[in-house]
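*Asks:* Here are the chains, one letter per residue:
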Amino acid sequence: MNPLDFVVLIGSMVAIAAYGAWHTRRHRNLNHYLRGDETVGWLTIGISVAATQASAITFISTPGQGYESGLDFVQNYFGMPLALILIAAVFLPIYRRLNVYTAYEYLGHRFDAKTRLLGAALFLVSRGLAAGITIYAPAIILSTVLGWRLDLTIILSGLLVIIYTVAGGSQAVTLTQKWQMAVIFGGMVAAFVILLVKLPTSLGDAFTVAGGFKKLDAVSFSTDIHRRYTFWTGLLGGFFLSLSYFGTDQSQVQRYLSGSSLRESRLGLMFNAVLKIPMQFFILLLGVMVFVFYQFEQPPVFFNHAAWQQAVQHDPGAKLQALQQEFTTAYTQKEQWIHQWLDAKHAGNLEAGAAARAQALAALEHVNALRDEARNVMQKEDPGVTSNDADYVFVTFVLDHLPHGLIGLLIAAFFAAALQSKAAELSALGSTTTVDFYRHLVKREASDAHYVSASKWFTLFWGLVAIAFALFANLVENLIQAVNIVGSVFYPVVLALFLVAFFIKRVGGTAMFWSALAAQLLVLVVYSLHYRFPELDFSYLWYNFIGCAACVLLSLVIQAVLGSTNKLRTVTSDK
Amino acid sequence: MKSSEANTASVDVPPDNRDELTSLPWLRTWRGVYLFVFSCFVLWVVLLLALTMSFS
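Read top to bottom, the protein sequences are chains A and B. Each residue of the first sequence is one higher than the one before, starting from 1 at the first, in the numbering used here. Each residue of the second sequence is one higher than the one before, starting from 1001 at the first, in the numbering used here.
Just chain B, with the same shape it has in the complex:
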């Protein structure tokens, strides 16, 4: 069995710091990325709602 199957195998693996960075110019933290995605979702809903109301 590979070591990855042992129950505690990867507990001590240090987090990869590179992964904590988004490396995006305007959205430096993951929290910022999630907020941006959520804002896009809200924007889509608002636009769809506007389309619904404009032509109903």
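Bound-form chain A, shown alone:
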């Protein structure tokens, strides 16, 4: 990066944060602080919802996913439009009619105070534990690639987001997200255009190469349970995941409750329902085109350049250098086959084209095998080195092949993405702590100014927790997995609480509370069992189904046992 890049990076980041803090520096009351001034239109809500979901990892890792595996990850989002329709039609009118600040207040209306506190506590535990990752994960990638100090990157980006989130509350989050998304998409589109210009082939040939290497297989109706992304897993898994995330996670609920009316909130959600799939497709396609680009421009053996350099200087250096030589030879051979394949295509010689393509595929497998071998050598030397370098693919392309100024814009886009999702998360943690715990349990009668002040302190507290967590974290691969496990352990019970609340009128608060506790305990037991019995180790994604199903079934059983003596509250389920 040169001075121009730094001016673009620091200028855009500080300007957006200052804009958010300045525009929202005066808050009349708690409502204004937690929900904005309720004049927000559907487009702003739509962008805010998209920005909250799209963290830096989305824009750094997703192109890497496209590079490695092609477009099939797009299927992961197939359930989202359907979930958003259900939320817009059922969840949203109830939230707005009850005029709630947090989703968990609704549980208090529908069930009772203890169930509300349980839902809010589960959110705080899972989201609080994840708090550091949205800063740490992009920080470790960017600090590694740019050669910056990791701790300073974490602290500076963390403090920046704390300042404007604490100062401006929910409205500042919404306002800044709009401009941050403009920076992100400006950068991504510019990168895409330059990538296409730099491709040494026509667009048609680029698609031929991508398709020939199976990078354009976007939809699969396979029923193979070992295949991670298919139409069916995307539709079913994506539906429940989106339902719990958009419908019950306060970081999202807070975003669409800031709308000036039910109409604006609904249209904001529908905006995402329509555009999410093409947006993810575009980011994945960017990764696929980077893959095509690197078929004609030799890539590094290992995209994490810093880790590679470190390994080369140590014991396995000779082995890695030998692999590098072999990689270059294999790469050159592959490139020749690709040229033969395209020449045959242009000449209309299908048979020769198919033969050359088969050779190119075999050569690609050889190249990938060499990359795997290099990773194994590096991991044997230093188990702390992450073997997955896909996250570094797009950043490496940006730094090596984009012009200065645009590099600064792209790095600004990555930081903007980190800040926008972090800001929404902190705001949600602060508001839930204030509304569901502090105002409910500690100080019930106080002025709005007092609650605004309390909310600011709680937001600051969670921001500092996030920075501390990020600073003391290491081995990012394990941490991300740990956070996903924490989410899968706590999320399903929260989803079940809301599903029963909305759709099973006969279940009351007491039955719901005890079934949620029992289901949560069950998930924790199932999770801990695999330590004692390794043969019971299965994907943590199954916890989502187990926890949700167990909670719903138990609520019905306990309600049947309790009978009709438990007065039910069904105030919100009628439209």
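Don't read these hints as lab results, they were simulated from the structure. Ideal Cβ placement from N, Cα and C applies to all residues, glycine included. Hints are not guaranteed to be accurate.
[Unchecked claim] Cβ-Cβ distance ranges computed for the label pairs, FRET-style:
no.	chain 1	residue 1	chain 2	residue 2	range
1	A	Phe-6	B	Gly-1032	47 to 53 angstroms
2	A	Gly-348	B	Ser-1056	19 to 25 angstroms
3	A	Val-557	B	Phe-1038	31 to 37 angstroms
4	B	Trp-1026	A	Trp-22	37 to 43 angstroms
5	B	Arg-1028	A	Ser-222	36 to 42 angstroms
6	A	Asn-368	B	Ser-1056	16 to 22 angstroms
Keeping the supplied structure of chain A fixed, place chain B upon it in accordance with the hints.
*Replies:* Relative to the frame of chain A, chain B by itself:
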């Protein structure tokens, strides 16, 4: 505690009629909006499927 926390607080709040209208020129009802969104989803899947089949 604010009134919104009382269990029956908002039951009687009349629905805001303005919210029932989409105010969109071509899609006047919410059912129409949801159908449009679902149609877009189907269209994306069909286009992605066509891309898959064209280059596989």
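*Asks:* Which hint numbers does the structure go against, in order from smallest to largest?
*Replies:* none
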